[in-house]
Amino acid sequence: MIKLAKNFVVGTWSLIKGLAVTIKYFFRPTVTLQYPTEKQPMSECYRGLVGLRPEKCIVCYQCVKICPTACLAITHKQEDKKKTLETFKYNMELCCFCGLCQQVCPTSAIIMTNIYEISVYDRKKLDINLLDMKKYDEWTNTTIK
Amino acid sequence: MDATQTKDIYTEEFLINMGPQHPSTHGVLSLELTLDGETIVECTPHIGYLHRSMEKIAENRTYTQFIPFTDRLDYVASMNNNLGYVMVVEKLLKLEISERAKYIRVIIAELNRIASHLIAIGTFAQDLGAFATPLFYCFREREKIVEIFDQLCGNRLTYNYMRIGGVLTDFSRDIEEKIKKFIKYMRPKVDDYDWLLTYNAIFLARSKHIGVLSKEMAVNYSITGPNLRASGVKWDLRKDEPYLAYDKFEFDVPVGKNGDAWDRYKVRIEEIRQSLRIIEQAIEALPQGDVAVKVGRIHKPSPSETYFRTENPRGELGFYIVSDDSVYPYRLKIRSPSFSNLAVLPELVRGLKVADIVCVLGSFDILMGEIDR
Ligand code: SF4
Ligand code: SF4
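Chains A and B, in that order, give the protein sequences. Going by the numbering used here, the first sequence wraps up at 145, each residue one higher than the last. Going by the numbering used here, the second sequence wraps up at 1373, each residue one higher than the last.
Just so you know, the hints here were simulated from the structure itself, not pulled from any lab data. Fair warning: there could be bad hints in the mix.
Distance condition first, Cα-Cα at most 16 Å in a straight line; then the derived EDC-like pairs of lysine to aspartate or glutamate [to be verified]:
1) K1300(B) x D1325(B)
2) K89(A) x D127(A)
3) K1178(B) x E1284(B)
4) K24(A) x D1194(B)
5) K1189(B) x E1143(B)
6) K17(A) x D1194(B)
7) K24(A) x D1191(B)
8) K1234(B) x E1270(B)
9) K1181(B) x E1280(B)
10) K39(A) x E1143(B)
11) K24(A) x D1192(B)
12) K17(A) x D1192(B)
13) K1091(B) x E1241(B)
14) K39(A) x E1147(B)
15) K17(A) x D1191(B)
16) K1234(B) x E1216(B)
All values derive from a computational prediction rather than experimental measurement.
From just these sequences and the hints, can you work out the full model?
Structure (structure tokens):
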């Protein structure tokens, strides 16, 4: 009987203590975002989908060499001493958004955009030709830095 | 019914599979339970559902290329994994890093430890039936840390921030301010958890004297981290084998008394407080200087073997590298803390009720990413 009464008191007391905390936050501003309608802004240096500024690329193959998942593939044309980009394939399926390609690029040609809603219905869309960046308009939030 | 009546009723043990898709197995863990009514007779964990052959992958990646893969081991504490890996490579290359980089690493590692413990606490509470509130409170605080990391390195979960020879980016004024603000913000929140959870009658009833892990057993099973300290063994690599700048800071190593589920939870709460202390001291004394030593991206260490261990939020994380004369490691072995922590589970849950297995498992805070590797 005494144990029951003690349990009752202790239980009620913890209930009140817990409620005190929750009620305290009940009157604070909400911190949750209603996701699809409200979106969290990503930071300046956010590492989303990989993008390219083809005019800056000097075809040095650094990014291809460093990529740990081998998702970048370049071909080039050699004219005299000048190299020009022919294709720049980016297989987004394999990319782990590590940012290493962006860091090794000597001319900042390869960049990381802040696109993060990257799910698609068609698997073919994951194979991206970086020379034709218009494709990125299909995704929301397509501001390229 | 008395004993004479029940004798004729045919009963048998019952085998059920808990997982791999079970909300409280913290990933894809499958537990094969043999039950006698509601009591657990035998429990066999089956692992391997998340196996990505990390160790083999490492043999075909340069030392720098493997850093992003370590993010995916213990994905709740990626920074600590990055740290463990780059430290072993630095030891292999006999590389000395700058003082500022050391301090930054300490701050980042401790912040990630807090984030990891917050998830441990939140999910543990949820496993015990405190459905949304504690978990969401923990995530609210964790969000602050994740935002700091996002600003620092550009990602929210897989950071790839540590570099061989230093770190990726330096702290800006803004980030320093944010971290200082976070310390002030976080201290009262830990007290909130005490009010909300730690001494709650239901929580105590569910977690006290459940899954008691004795000192001897913990050592025999090579349990490490908060789970070991909850059993009363005062062993923390940050204190006992200080690396980076940990020997310059004052902090306590919280230990538990009984080694039950509640103690494991309580040690984590205390560790958050201690981590805040470390961060506070480190950010006050942050020296000036470079954050990275200039080394090439391709490393070619001479043939040797190296092992280094760091204190991860879940225990001791060790990397063992055998290098040959190439740019790839010959062999990389990962000693992950959760693997050992899971091994003791069958011993602890024998004789408990089914509902308690969730409590014991939750209190161990295992993570499948590093068990399966
Ligand atoms: S972010 Fe990493 S994985 Fe993706 S393309 Fe760049 S280097 Fe490769
Ligand atoms: S590293 Fe930069 S410049 Fe070199 S090939 Fe890649 S994108 Fe072009």
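Each hint, compared with the structure:
1. K1300(B) x D1325(B): With a Cα-Cα distance of about 7 Å, the restraint between K1300(B) and D1325(B) holds, given a limit of 16 Å.
2. K89(A) x D127(A): holds (7 Å)
3. K1178(B) x E1284(B): Distance ~13 Å between K1178(B) and E1284(B) Cα, so the pair holds.
4. K24(A) x D1194(B): Within the cut-off at roughly 15 Å; holds.
5. K1189(B) x E1143(B): holds (13 Å)
6. K17(A) x D1194(B): Roughly 10 Å between the alpha carbons, so the hint for K17(A) and D1194(B) holds.
7. K24(A) x D1191(B): Within the cut-off at roughly 13 Å; holds.
8. K1234(B) x E1270(B): With a Cα-Cα distance of about 14 Å, the restraint between K1234(B) and E1270(B) holds, given a limit of 16 Å.
9. K1181(B) x E1280(B): holds (10 Å)
10. K39(A) x E1143(B): holds (15 Å)
11. K24(A) x D1192(B): With a Cα-Cα distance of about 10 Å, the restraint between K24(A) and D1192(B) holds, given a limit of 16 Å.
12. K17(A) x D1192(B): holds (10 Å)
13. K1091(B) x E1241(B): Holds - the C-alpha atoms of E1241(B) and K1091(B) are around 15 Å apart, at most 16 Å.
14. K39(A) x E1147(B): With Cα atoms ~14 Å apart, K39(A) and E1147(B) stay inside 16 Å; holds.
15. K17(A) x D1191(B): holds (12 Å)
16. K1234(B) x E1216(B): holds (13 Å)
Consistency note: the structure conflicts with none of the earlier hints.
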